[in-house]
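There are 2 protein chains.
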Amino acid sequence: MVSQCQILGSKNSQSVHENGSTGKHHPQVLINLDHGDPTMYEEYWKKIGDHSVTIAGYQSLSYFSNKTNLCWFLEPKLEEEIKSIHNLVGNAIVEDRHIVVGTGSSQLIQAALYALSDPLNEPDHPVSVVSAAPYYSAYQEIADLLRSRLYKWGGDANSFDAKDEPYIEMVTSPNNPDGAVRKPVVNGTKGILIHDLAYYWPHYDAVTAPADHDIMLFTLSKFTGHAGSRIGWALVRDKEVAKKMVKFIEVNTIGVSKEAQLRAANTLHTISGSCRKDKPDSEIENFFKYSKHVMAERWNRLRDVVKKNELFYVAKSPIQYCNFTRELTEAYPAFAWMKCKDGVDCEKLFKEHKIQTRSGRRFGSGQDYVRISMLNGNEEFDLFLQRLATINNISK
Amino acid sequence: MVSQCQILGSKNSQSVHENGSTGKHHPQVLINLDHGDPTMYEEYWKKIGDHSVTIAGYQSLSYFSNKTNLCWFLEPKLEEEIKSIHNLVGNAIVEDRHIVVGTGSSQLIQAALYALSDPLNEPDHPVSVVSAAPYYSAYQEIADLLRSRLYKWGGDANSFDAKDEPYIEMVTSPNNPDGAVRKPVVNGTKGILIHDLAYYWPHYDAVTAPADHDIMLFTLSKFTGHAGSRIGWALVRDKEVAKKMVKFIEVNTIGVSKEAQLRAANTLHTISGSCRKDKPDSEIENFFKYSKHVMAERWNRLRDVVKKNELFYVAKSPIQYCNFTRELTEAYPAFAWMKCKDGVDCEKLFKEHKIQTRSGRRFGSGQDYVRISMLNGNEEFDLFLQRLATINNISK
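Going down the list, the sequences are from chains A and B. Note that the UniProt record's numbering gives residue 350 to position 350 of the first sequence, counting from 1, and the numbers run on in steps of one. Note that the UniProt record's numbering gives residue 53 to position 53 of the second sequence, counting from 1, and the numbers run on in steps of one.
Okay, chain A solo, but in the shape it has when bound (with noise of 0.2 Å):
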């Protein structure tokens, strides 16, 4: 997921066209790991052959794709294979869950937040929306771009006093910006959680356990890289829940584009097959070892190089076992999360080497933090690679 100012800041960068020179000549283009835009996995996609989606100019007029559902925009193909990948992966509960579709899982989030406190407003009283330092920086865009009577940012979790008030609290499990795994922190008596489990797949982390919480979130995104899809579900738990978060979709868009759902389906459909343990002479390469290979050698290099400085560092990751994968392993975050030495604006020494990150601030944390997006084409983040080996150098 990227946020608006991901995404606003993005458009001050360029593609990379230089010949990658570094060190005290800084280069001219920016390369910007600001935003999380999933375009890693595209020489997979590329590779594995056509697998395309065709619509035929009649197809999917009607508002509806299954009437009788309680989420009526739900397209039957796609639920199907959104409880075939739980299933295949291990990685959430989907029996007697109700799946909602969204536009990305960014309107899921809000479409949770109207069906959570919607039923427990007071005139004049919104409910408290916080979420444990460091958090995803969008949750306070969407808590607060409407200025809302229902629900409100409430901050850090952390120092969250619930005082028996009702509030909600976002749980992100691998998290974003740092990759933690994470349970809820403020434990009150009225609080109501959302699971935002974007990056819980194999190839970013271990899957110990199927996830089974009352709402889970979900998107294509970060999962098949495949973002300009806009496609996000939710599990949920109970149904009068489920109903007002499709209540909250019908005002907000009528629904999800069928043309998007078809394809998500289609993008699903192709991942459970390249790795079903009762076919491994699949055709296609399997798509978790391709991406875990893809974020590791990654992460190896990107160690390497940071290790050889006294300025910044990452933490390291525990060692657990993956029930999918059945071995151990590190975590992978998409997102790096660095810390630099205390008192050093993090965000403006990378962006003195032409790096473009967002600072910890947006975070909730300090500005001698950074999160660096690890999911950038590979040319950028080769450049990236070779920058970040001169700061040290320059700056002693």
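These are computed hints drawn from the structure, not numbers from a lab. Please read all numbers here as calculations on a predicted model, not as lab measurements. One or more of the hints may lead you astray.
[To be verified] The calculated label-pair distances, taken between Cβ atoms and stated as ranges, are:
#, chain 1, residue 1, chain 2, residue 2, range
1, A, 70, B, 187, 40 to 48 Å
2, A, 68, B, 343, 35 to 43 Å
3, A, 237, B, 43, 40 to 48 Å
4, B, 238, A, 43, 39 to 47 Å
5, A, 303, B, 68, 31 to 39 Å
6, B, 158, A, 68, 34 to 42 Å
7, A, 80, B, 181, 41 to 49 Å
8, B, 163, A, 54, 55 to 63 Å
9, B, 50, A, 165, 27 to 35 Å
10, A, 326, B, 238, 55 to 63 Å
11, A, 68, B, 214, 52 to 60 Å
12, A, 70, B, 90, 38 to 46 Å
13, B, 327, A, 237, 28 to 36 Å
14, B, 68, A, 344, 31 to 39 Å
[What the hints assert, rightly or not] Straight-line C-alpha distance at most 35 Å; calculated DSBU-like pairs for lysine-lysine:
#, chain 1, residue 1, chain 2, residue 2
15, A, 351, B, 243
16, A, 47, A, 354
17, A, 67, B, 341
18, B, 292, A, 351
19, A, 152, B, 316
20, A, 292, B, 247
21, B, 77, A, 247
22, B, 47, A, 77
23, A, 247, B, 339
24, B, 67, A, 247
25, B, 77, A, 77
26, B, 354, A, 244
27, A, 247, B, 308
28, A, 244, B, 339
29, A, 247, B, 190
30, A, 354, B, 247
31, A, 247, B, 247
32, B, 67, A, 152
33, B, 244, A, 247
34, A, 339, B, 247
35, B, 247, A, 239
36, A, 354, B, 163
37, B, 67, A, 67
38, B, 152, A, 163
39, B, 67, A, 351
40, A, 152, B, 190
We treat Cβ as the ideally placed atom computed from N, Cα and C, and that holds for glycine.
Let chain A serve as the given structure and place chain B on it in line with the hints.
Frame of chain A, contents of chain B only:
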């Protein structure tokens, strides 16, 4: 456009599988003409052949469509086709306008409300959003859904007292529900107008001049019948307003599905190709001739039934010259706005005859009015007319 309740209402309906019998023995299956699900052009899209769009697995991964465009998530091909169709039909000025694409025009209404009200905002003094009754029933739902402090529903524009305060007036022309050609009615000193032109196409009414307003909203749904795509667009004069609309869509859904945009571009291209005056021998039937014929035929049949009864009527439409078709024409609105005798609960009366309509109360009018969709499939429309013809007999 349909609203949440239109959609929810329709969930009680079923496909028509009966033998069409009418009269004293009321059919068991409800015909749902409450919502405006535009499936009436399905036959056109089937008979002109494939005209499909194919999207490869590796296409459109990024959030971005064009980083140099103010609306960075707008596909260049769609932008080109939007300009082309407006220039061809002559229903809106596109020169020197910013095009903002939305997930249907519902999202664009919210984007415009945000863009216009945010700079005006005074704490606890939301800007009133008004529209002249009968108004599109979704406006109120959209304006009040999140109980925003930026804007609120202000009701019927005819009875709104602007008192030198800023307000936003929705001007829907041709109007939903009654098809009337409209101008603003408040005319206060600080009014800001949003023109909703979803039905300003030659199959619904005469195109008398290119619309030339500050904010003009269009949608694919009612124009081509592709409601499932969720594609709308705004033509916006002021750059700062367009930027704020883009910001809303960034936070709300991080852009608009690329698949839907690519298909919409394809759809508009097919329509443009079908009716270029310099290619009269096109192999594809002229879309506007076909669609206008469908609507005219339905309206003529409806008027024939209506004139034989004394319980309800529909207003006559004025004859106007259409610059696009180069002929005098009456309007063939997407909805029939039907008036029953004073004191009759018109929705209830029709419901007794297994016709689900939407009460005038939802549009800020009385219960003696109903809105009836003219856009359903042929089989449902035929059955509707059969049932309608029996109402008068029973009531006499």
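How the hints compare with the structure:
1. Take residue 70 of chain A and residue 187 of chain B: their Cβ atoms lie about 45 Å apart, and the range 40 to 48 Å holds.
2. The beta-carbon spacing between residue 68 of chain A and residue 343 of chain B, approximately 38 Å, falls within the hinted interval of 35 to 43 Å.
3. Separation of residue 237 of chain A from residue 43 of chain B is about 43 Å and conforms to the stated range, judged on CB atoms against 40 to 48 Å.
4. At about 42 Å, the CB distance of residue 238 of chain B to residue 43 of chain A agrees with the hint of 39 to 47 Å.
5. In this structure the supplied range 31 to 39 Å holds for residue 303 of chain A paired with residue 68 of chain B, their Cβ-Cβ distance being about 35 Å.
6. Restraint check, residue 158 of chain B to residue 68 of chain A: a C-beta distance of roughly 41 Å satisfies the suggested window 34 to 42 Å.
7. Checking the proposed 41 to 49 Å range against residue 80 of chain A and residue 181 of chain B shows it holds: the Cβ atoms sit about 47 Å from each other.
8. At about 56 Å, the beta-carbon gap between residue 163 of chain B and residue 54 of chain A stays in the expected band of 55 to 63 Å.
9. The hinted window of 27 to 35 Å between residue 50 of chain B and residue 165 of chain A is violated, with their beta carbons roughly 58 Å apart.
10. The hint said 55 to 63 Å for the Cβ distance between residue 326 of chain A and residue 238 of chain B, and at roughly 58 Å that hint holds.
11. Taking the beta carbon of each, residue 68 of chain A and residue 214 of chain B are about 43 Å apart, not inside 52 to 60 Å as hinted.
12. The supplied range of 38 to 46 Å is met by residue 70 of chain A and residue 90 of chain B, whose beta-carbon atoms lie about 44 Å from each other.
13. As the Cβ distance of residue 327 of chain B to residue 237 of chain A is approximately 59 Å, the hint placing it in 28 to 36 Å is violated.
14. In this structure the hint that residue 68 of chain B and residue 344 of chain A lie 31 to 39 Å apart at CB holds, the actual value being about 33 Å.
15. Distance hint between residue 351 of chain A and residue 243 of chain B is fulfilled; the C-alpha atoms sit about 25 Å from each other, no more than 35 Å.
16. With a CA separation close to 32 Å, the supplied pair residue 47 of chain A and residue 354 of chain A stays within the 35 Å bound.
17. Taken as a hint, the residue 67 of chain A and residue 341 of chain B pair is honoured in the structure, with Cα atoms around 34 Å apart against an allowance of 35 Å.
18. A C-alpha spacing of about 58 Å is found between residue 292 of chain B and residue 351 of chain A, which places the hinted pair above 35 Å, so the restraint is violated.
19. For the suggested pair residue 152 of chain A and residue 316 of chain B, the alpha carbons sit about 50 Å apart, so the restraint of at most 35 Å is broken.
20. Of the supplied pair hints, the one linking residue 292 of chain A and residue 247 of chain B holds, its CA atoms being roughly 34 Å apart against a limit of 35 Å.
21. Restraint check: the Cα-Cα separation between residue 77 of chain B and residue 247 of chain A comes to about 32 Å, which is no more than 35 Å; the hinted pair holds.
22. Between residue 47 of chain B and residue 77 of chain A the alpha-carbon distance is near 26 Å, which keeps this suggested pair within the 35 Å criterion.
23. Restraint check for residue 247 of chain A and residue 339 of chain B: satisfied, since their Cα atoms lie roughly 30 Å apart, inside the 35 Å limit.
24. Of the pairs offered as hints, the one joining residue 67 of chain B and residue 247 of chain A holds, with about 33 Å between alpha carbons and a cut-off of 35 Å not exceeded.
25. About 28 Å separates the Cα atoms of residue 77 of chain B and residue 77 of chain A, which keeps this hinted pair within 35 Å; it holds.
26. Only pairs whose Cα atoms come within 35 Å are accepted, and residue 354 of chain B paired with residue 244 of chain A is accepted, the gap being roughly 28 Å.
27. About 40 Å separates the Cα atoms of residue 247 of chain A and residue 308 of chain B, which puts this hinted pair outside 35 Å; it is violated.
28. Between residue 244 of chain A and residue 339 of chain B the CA atoms are separated by roughly 34 Å; this keeps the pair inside 35 Å, and the hint holds.
29. Simply put, residue 247 of chain A and residue 190 of chain B have alpha-carbon atoms about 33 Å apart, close enough for the 35 Å limit, and the pair holds.
30. For the suggested pair residue 354 of chain A and residue 247 of chain B, the alpha carbons sit about 26 Å apart, so the restraint of at most 35 Å is met.
31. Only pairs whose Cα atoms come within 35 Å are accepted, and residue 247 of chain A paired with residue 247 of chain B is accepted, the gap being roughly 23 Å.
32. Our distance criterion of 35 Å between C-alpha atoms is met by residue 67 of chain B and residue 152 of chain A, whose separation comes to about 31 Å.
33. Taking the CA atoms of residue 244 of chain B and residue 247 of chain A, the gap is near 25 Å; set against the 35 Å cutoff, the hint holds.
34. Proximity of residue 339 of chain A to residue 247 of chain B is assessed by CA-CA distance (about 30 Å); at most 35 Å being required, the pair is judged to hold.
35. Restraint check: the Cα-Cα separation between residue 247 of chain B and residue 239 of chain A comes to about 32 Å, which is no more than 35 Å; the hinted pair holds.
36. Straight-line distance between C-alpha atoms of residue 354 of chain A and residue 163 of chain B comes to about 53 Å, which puts the hinted pair past the 35 Å bound.
37. Using a Cα cut-off of 35 Å, the hinted pair residue 67 of chain B and residue 67 of chain A is violated, with the two alpha carbons roughly 38 Å apart.
38. Under the criterion of a C-alpha separation no larger than 35 Å, the hint pairing residue 152 of chain B with residue 163 of chain A is consistent with the structure, at around 31 Å.
39. Only pairs whose Cα atoms come within 35 Å are accepted, and residue 67 of chain B paired with residue 351 of chain A is accepted, the gap being roughly 20 Å.
40. The hinted pair formed by residue 152 of chain A and residue 190 of chain B meets the criterion: a straight-line CA distance of about 30 Å does not exceed 35 Å.
Against the hints set out earlier in the document, violations occur for numbers 9, 11, 13, 18, 19, 27, 36 and 37.
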